[in-house]
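There are 2 protein chains.
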Amino acid sequence: MVLERVKQLAQQVTNTVAPPHPFDPLSALEIETAVSLLRSQHGKLYYNAVTLFEPPKAQMLKWLTDPDHVQKPNRIADIVAITTEGKVYDGHVDLTEHKVIKWEHTPGVQPLITMEDLQVVEHVARKDPGVIEQCGLIGIPPSDMHKVYCDPWTIGYDERFGNSVRLQQALMYYRPIVDDSQYTYPLDFCPIYDSNLQKIVHIDVPKVRRPINKAPPNNYTVESIKDEGGFRTDLKPINITQPEGVSFTVKNRIIEWQNWSVHIGFNYREGIVLNNITYFDKAENKVRPIFYRLSLAEMVVPYGNPEHPHHRKHAFDLGEYGGGYMTNSLALGCDCKGSIHYMDFDFVNRAGAAQTIKNAICIHEEDNGILFKHTDFRDDSVIVTRARKLLISHIFTAANYEYCVYWIFHQDGTVQLEIKLTGILNTYAMNPGEDTLGWGTEVYPGVNAHNHQHLFCMRIDPNIDGPDNTIFQVDATQGPGEVGSAENYYGNAFYAKKTKYTTPTEAMADYNGNTSRTWDLSNENKLHPYSKKPVSYKLVSREVPALLPKEGSLVWKRAGFSRHAVHVTPYADSQIHPAGRHVPQTSGEPSRGIPEWIASNPSAKIDNADVVLWHTFGLTHFPAPEDFPVMPAEPMTVLLRPRNFFSRNPALDVPPSYARTPSQVAAGKSGGSVQADKTSTLV
Amino acid sequence: MVLERVKQLAQQVTNTVAPPHPFDPLSALEIETAVSLLRSQHGKLYYNAVTLFEPPKAQMLKWLTDPDHVQKPNRIADIVAITTEGKVYDGHVDLTEHKVIKWEHTPGVQPLITMEDLQVVEHVARKDPGVIEQCGLIGIPPSDMHKVYCDPWTIGYDERFGNSVRLQQALMYYRPIVDDSQYTYPLDFCPIYDSNLQKIVHIDVPKVRRPINKAPPNNYTVESIKDEGGFRTDLKPINITQPEGVSFTVKNRIIEWQNWSVHIGFNYREGIVLNNITYFDKAENKVRPIFYRLSLAEMVVPYGNPEHPHHRKHAFDLGEYGGGYMTNSLALGCDCKGSIHYMDFDFVNRAGAAQTIKNAICIHEEDNGILFKHTDFRDDSVIVTRARKLLISHIFTAANYEYCVYWIFHQDGTVQLEIKLTGILNTYAMNPGEDTLGWGTEVYPGVNAHNHQHLFCMRIDPNIDGPDNTIFQVDATQGPGEVGSAENYYGNAFYAKKTKYTTPTEAMADYNGNTSRTWDLSNENKLHPYSKKPVSYKLVSREVPALLPKEGSLVWKRAGFSRHAVHVTPYADSQIHPAGRHVPQTSGEPSRGIPEWIASNPSAKIDNADVVLWHTFGLTHFPAPEDFPVMPAEPMTVLLRPRNFFSRNPALDVPPSYARTPSQVAAGKSGGSVQADKTSTLV
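Protein chains in written order, with the numbering used here: chain U, 1106 to 1788; chain G, 1106 to 1788.
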């Protein structure tokens, strides 16, 4: 009967509008098909992840070349599940063949903490006698336990417990009334929760106790702002309308816009995954591959307070919680303006049913100011052309913080990753007159917001006119020869010093702001017809702080990807997650992910080879009161810019707003006003 | 009779709508009044500049405090003029008292090159026998001299000629037909032009000759794009409308928007000058001063080819030509969209008449995405608030390049300077098969675009709750104690290391990307009530390359401001121009501007004092074919962010797009949707 149900579901899958593209995320039906198959063979399981197992690249590249004749890769589900006894299994279910093709017990790991795992902790904590006792000690009576909240975090790694027990640390808060911001009222102790036992197993209590904050609430709700004098009334609407519709087309999950073509995937870990990014080059009259896959693959947020147990605060928000799982359902007219195309996200819940985040991905266009302009000073002949950009975005909430992730495509061939940080600071209690010792800032009376870094790891799988690419480090460098020498008489010589990376060991590179360091992702097999330089995309990234936790520290060990701004590894299908597949409670001994891959073959050939570039960037945040009680969005950007890739500016055929040539000026003609905006007005 | 005319003009000035604010640029009438007074005393002069002599700061601060009772500073015109014999005079005319109060011959200097100075060179060059001869040698017959063009640049400094003769170097080009881009056809020789004699006095001819480029034109005109297949047709309009008008008010030149108040000035050198930038702090219920004056004060564009005479290419576009003089007249619906407020710019021409650039300054608002957002993962209670920004911008054309300068005010208290670089690469001829030697890129056959830097100097005159401010360097730094030590057991400690600058010598500081170096502009006399840190604005700037011309090089000597990312000097009324008042043909011996000011008192007190911070930032440009024949705009940003200045996020009272509290969620209420955008649509 179970098999019957599987076949039914499979039929339903077949009957859906379009057969899935091999890069498509699993549909709800595919998820439930996989679960049904597993259930039929292995009984009851708690599902942690049921996600697309992406086809092997070699197979996919063949299929992409000739999809009509090459056999389509099978649909395979990648499963993480926990048995009722707490054992972790990794498995693969072939959805095309309807069979479980891998089912392996993986000891000594903890899969990520799902939203369901998180939700339950607070309710358990409120009833725990130890928690109730600790609350009493800092001034919260047992009758007020419903006012106690907790943001459960993964425990990071705590050597007292290791990784055989599935743990969360409960960062505790209090709300005088239900609508008050709890981050004004952090509690000073930290319970540890066992997810399998569903109980508090330990409480970390600080040496110095900090009674519950007595300061008045610090809220941002509509009601509180009204109470304080109301909203400002002098903002007039700005309406953004697209009366003729959008300039992109979406076929299933492939979007085409301004010569770009991109497959938009999404998974529970990385959120948005962009595949097979190509550009139709008019000059060459062909579609040119640029990136095989782009994603935000991992991140870590180390906090800088050395006092126990704050060192445990170093969330891997993607690997430990899942950027996809935490994704917001977006609302029209709020998160983005204009004409919006949304995509949903289907995922598995603990019980094995498919659930959906509606409007998980937002796709829209924005005006982007001037694309290019030039005026001839002789006669005021001019061209001015406005830019448009395409944004593919999602927003995820990691407990207190929000990350707004925008993948942006530009008409000039640039791909931009912009991340806006907003949401609320993680806070801890402090006593009146207590010194932060420089590890944090008192952002409100009794509220200590600790120093922290947000370090993101972007996974760049280049396909610059083909998969065999080479990475060069590029440094702006003074020329040889002292001032007065024959070769550099006036001392002004400078050039782009290029260093080819030939092995992963050589490619472990830091940022250098002084030389405006960038990295070229090049295809040495194809030289630009004019410049004779290899066709390239340049990684331009300026927010690249060093990892501040020291060498050998817990964070340094666990988040190996963050030790350098750049790592380059030879492509391997299995190497998707920079800190490893199962991140929670890794000890960092050995370091998972990138360090182990590199250690396995530190001299691997990475020039003129299929490679992946891992780029760690981000910022160091020393909180200030202006970030509280909710933080104004702080943006940061990474650019991938075509250099020596196109024969010339690829956006010359974007209709200008205004243009007139010298001969038109001379003839008194107004010139070729092609597409000036008619809706702008004078004040 | 002349005096009569002066009085008439003065009366006209008095009769205009509003008496000028002391920070207002000179009006056309004021310019002509000043010229009339000078003419009456000194006869015929060639005018280089007639601009506002800004009131002494001490006097101005008094007047700003109590404008109804303190005497208003006199209106004074600052004059640069050249006599018919070529002598340079600096003068002041008191427009309030109607008298010339300073008139001094300044030997050994050359004032900047005006647009009129530039315009004439091409016409002289075309008729010059030497130029005609050189053209002939590279394949341009005398009959085609009307197809020869030149971009005249200041000569920089050429030791063969010194600075007693007023010179320009003529970068030569050719246009097969009048509408062709000349930058595809650079000529290989460089005439030198004497502005006073109005003739070519020398021609620099390279050792290796490079005949005129035979490649086909590379154009971006409407006609050429049509010939190549036409414009793309898949861009649908995005309309931006403000049906209820704008959210700002402009009274004369003071703009008020979202608690900000700013006086918008403009001069021939710096372009936009922002004065008396204040913020009405609702929490403190008072207007708080933040900056006394902000401007882009100087820039230098050194080129990296050591071959003579390319070392001379290092334009100081502000000090040698004037960012105001080169400003574009903007067109509605082209340069900016929405509801636009323009301001004109009046300046003096060579003959002494006032001329006007219509629509020199553009003021408008833009939607700016998410201002802040937070979702509670427990119940999806949420707030999402959209951001608005105010842009005050101008665009100037420096021969081939354009600089789009946007001063941007944000609701969260941030001031942003964004500069977009567009326009056309400076190009030089190359022979088929010639090697660029790494000093440039062949962006098109026969076209060598040389490496260069754009280094801007931003003048920041802080007034953070008063004029006595202190500058701190802030570096993200690892805490003391090795991993395993008692003080830093887990090795995660880090903090913001602050270094106070007490003298200009200490304050000559470079950027450090590794420590995410920033600078705090602080008022040590006022501590934040919660954080106990001094109220501050933080300079956040990430595009800060080192000056690449070597120590002791011509550029290093002439552009002293560019040696360091930061200089701090005690405030002095006369110190406005980082490379000196008269920049063309300075030898750099001694270095003018910042180096001489610092040398005059290297140990001056700059902590808790009235200081100016000079910030040099920019980028190094290694050209690529994608930048040609016209360059897609490349933006760069500097931020001034409030830190420990406001008691909390100052934008909490911006109406949210959507908000609902936990109690509203629990009650099944939709929540306080306050100002959701109604014009957005689903695709």
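Hints should not be assumed to be uniformly reliable.
Any copy, or any two copies together, can satisfy a pair, since identical chains are not distinguished.
Unchecked claim - Pairs of lysine-lysine, DSS-like flavour, derived with a Cα cap of 27 Å:
| hint | residue 1 | residue 2 |
| --- | --- | --- |
| 1 | K1167 | K1387 |
| 2 | K1637 | K1391 |
| 3 | K1463 | K1356 |
| 4 | K1494 | K1783 |
I should point out that these hints are in silico values taken from the structure, not numbers from a laboratory.
Now the hints, each set against the structure:
1. K1167 <-> K1387: So K1167 and K1387 pass the 27 Å test inside one copy only (24 Å; across, 63 Å).
2. K1637 <-> K1391: The answer is within: 20 Å in one copy meets 27 Å, while 62 Å across copies does not.
3. K1463 <-> K1356: For K1463 and K1356, the Cα distance is within 27 Å only inside one copy (19 Å; across copies 47 Å).
4. K1494 <-> K1783: Answer is both; intra-copy 20 Å and inter-copy 22 Å each pass.
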